[in-house]
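Q: Sequence:
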Amino acid sequence: MQIHALDKAQLITDVQLGDNLNHAVTQGRRSDFALMLALLSGDATETTPLEPPYPETSTEDDLRKALSLPQPARLSAEERDYELCGTQAASFHSAGLASAKLNHCVSPSALHFPAVGTHGLGEDVYHNLDGHLRRKLDSENNKVAGLSTAALYDQLVSAKRFNELHVAI
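Quick note on the numbering used here: the sequence shown kicks off at 2 and runs consecutively.
Hints are computed from structural coordinates only; laboratory data are not their basis.
Treat each hint with caution, since some may be false.
Unchecked claim - Simulated restraints on C-beta separations:
| hint | residue 1 | residue 2 | range |
| --- | --- | --- | --- |
| 1 | Ser69 | Leu98 | 19 to 29 Å |
| 2 | Glu124 | Pro54 | 48 to 58 Å |
| 3 | Ser108 | Glu52 | 41 to 51 Å |
| 4 | Ala116 | Glu57 | 42 to 52 Å |
| 5 | Thr58 | Arg31 | 21 to 31 Å |
Because the structure is a prediction, the values reported are computed rather than measured.
We treat Cβ as the ideally placed atom computed from N, Cα and C, and that holds for glycine.
With the hints as extra help, turn the sequences into a complete structure.
A: Structure (structure tokens):
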């Protein structure tokens with residue numbers, strides 16, 4: 002009896018194959034073992050889903066909308082965060098900790114408030130500087146901020162005249 006299709010075999014367990022499976026393993030007949038194993042196995046195309054089980058990757062905004070989450074807290078403070086913290090402090094002093102927590106949950110402030118006026122340095126580093134070095138940093142920043150295009154043009158013209166006068170002498 003010759004079987005042309007695997008679904009006509011109607012094998013349920015390896016007991017139905019008798020000693021043939023055991024002999025194929027012990028004698029090293031790989032092709033016979035593979036055929037018998039294929040007869041026992043179900044069709045992979047019948048049970049394997051063809052479409053991917055996971056949907057397309059969602060963006061953070063899509064997940065926030067689906068789970069109704071608020072926007073993430075800002076890391077660095079802006080101008081409005083100082084006002085928010087002021088109102089949170091006022092609500093704490095007037096109504097207690099629960100009111101301040103509610104105010105923070107409704108309108109969260111930033112997580113980090115960097116020092117202002119330290120010329121890009123950390124607050125601990127800036128306060129450990131010598132007074133002369135602090136004044137020097139202040140004067141350097143004022144020089145850069147004091148430049149204007151009209152004054153720069155006049156300075157270039159006068160420098161050119163001075164250079165021509167200096168070359169002529």
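Q: Which constraints among the numbered hints does this structure fail? Numbers only, ascending.
A: The structure breaks only hint 5.
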